[in-house]
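**Q** The residues making up each chain are set out below.
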Amino acid sequence: MKFINNHNANHSIGTLWLDPEWNESLHSVTFDANYNAIHLNSDSKNILVNTGLSILGSEVFEILEKYSENKKSIDLSGEIYKLLAEQEELSGYVSPEWWLDIGSVSRLTSITRSLLVRRMGHLIEEGVI
Amino acid sequence: MKSVIYYPTLDGLQPISFYLHPGLWMIGTKEITDDRSVNNLSLIEWILRHLMYQGLEDFVFLGKKQVEQLSAQKNLYIYDFDVNISIKSSDELRTIELLNTLEDEDTLFYFGTVLSNTDFSKFIEYHQSHDKICTILVSKGIQYRVGLAKIDRNNKITAFMEKPYDTSMSSFTGIFILREGWKNHLQDFLLNSTIAKGKELGRSLVEEFIKFLISEREVKVHVKEGIDGADSWWINLSELETWVKLNPEVIIKNYEFLTK
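First to last, the protein sequences are chains A and B.
For the first sequence, the residue numbers in our numbering are 1 to 129.
For the second sequence, the residue numbers in our numbering are 1001 to 1260.
For the record, the hints were derived by calculation from the structure and aren't laboratory data.
By construction, the Cβ of each residue, glycine as well, lies at the ideal position given by its N, Cα and C atoms.
A hint or two may mislead.
Said to hold, decoys possible - Taking lysine to aspartate or glutamate and the DMTMM-like style, the derived pairs with C-alpha atoms no more than 25 angstroms apart in a straight line are: (1) B:Lys1140 <-> B:Glu1208; (2) B:Lys1140 <-> B:Glu1105; (3) B:Lys1156 <-> A:Asp32; (4) B:Lys1156 <-> A:Glu125.
As the list claims (entries may be wrong) - Only part of the chain B face toward chain A is listed, based on derived beta-carbon distances under 7 angstroms: (5) Tyr1053; (6) Phe1172; (7) Lys1220.
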């Protein structure tokens, strides 16, 4: 609801849910001019990650109609988000609430029932799911 | 110099890795035959051929008990090469603790799902040119696996980049060299770091040890270079998705130096 309320209040055509506390390691390294290592894995801070959740208002179809005249397909994240951002019609909803992308085999096999119950148990108790 | 090819628990390759050790997964473009040409080699064989090409001939495979599958198959890849191969395996000890069972000598540690065209001679030469305990091998550039956004003070998104490749950053390949005397540092780490007592997840505890060495100002960085002036290339095959998208032609092309 907070996400939807945020979208309704921000007057943009689209709103992306962004996570400021992404913790997947990139194994990044920083070093000085003499090649002394300074940091390892300090990469996941100060970036905003697209969680894959967005709300798009119906106005987006007018924009897409003009944009897609000679196109067979349009990529959501590669094109639509960029297009809306260029037109200053895309806002970010920055929230560190828990989320999990299980779109890869490794992530799917690493989740456990106890993790899901711990994180989402309240939704079961409340009868939401 | 001894080379330790280490395999921590790799969640990213389950469930297939339960049945067959990732080091034995084949990469090539031809039907599997007895042909010993540089094609259709297992992951461990690509690694060994590369390291042997660069004059390394003393190897340890280190990991959970399952790593012994590599030993059982070793007649396949040592074939007619004169190299030493031994195994350090345990289901009880974590990778970082297995490191503690090795001898304290100059050692190259190689994360066993990485393939590259790195010039290891230059890497070793650089390590020998300074007196720090550790040299880590890094690659220029980082590939994000997520979309990134920038926002202004009103939360308007000013830029959106889908899975960008950031050339301003460098990434750790999981490959490093430790100088004789490193076990004192490892024992310090194991005794005094609360992180070291935590759960192992992928290569993270090995990286925590390197972070510990960084905090002691004992780590130098070597930006990797390709063999014979080739563009630097590497791939980390620690996720099933990377295998699914893998183009064997790219591997074969980048290992062309093995055929010379």
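**Q** Each of the hints needs a verdict: does it hold here or not?
**A** Structure-based check of each hint:
For the given pair, Lys1140 of chain B sits about 21 angstroms from Glu1208 of chain B by alpha-carbon distance, which is consistent with the 25 angstroms threshold. Note on Lys1140 of chain B and Glu1105 of chain B: the hinted pairing is violated, with a Cα-Cα distance of about 29 angstroms set against a maximum of 25 angstroms. Only pairs whose Cα atoms come within 25 angstroms are accepted, and Lys1156 of chain B paired with Asp32 of chain A is rejected, the gap being roughly 34 angstroms. Between the alpha carbons of Lys1156 of chain B and Glu125 of chain A the distance comes to roughly 36 angstroms, so the proposed pair goes past 25 angstroms and is violated.
Nearest Cβ of chain A to the Cβ of Tyr1053 of chain B: about 26 angstroms, over the 7 angstroms cut. The hint is violated. For Phe1172 of chain B, the suggested interface contact is upheld, since its CB lies about 4 angstroms from the closest CB of chain A, less than 7 angstroms. Checking Lys1220 of chain B against chain A: minimum C-beta separation of about 5 angstroms stays under 7 angstroms; hint holds.
Going through the hint list in order, the structure does not satisfy hints 2, 3, 4, 5.
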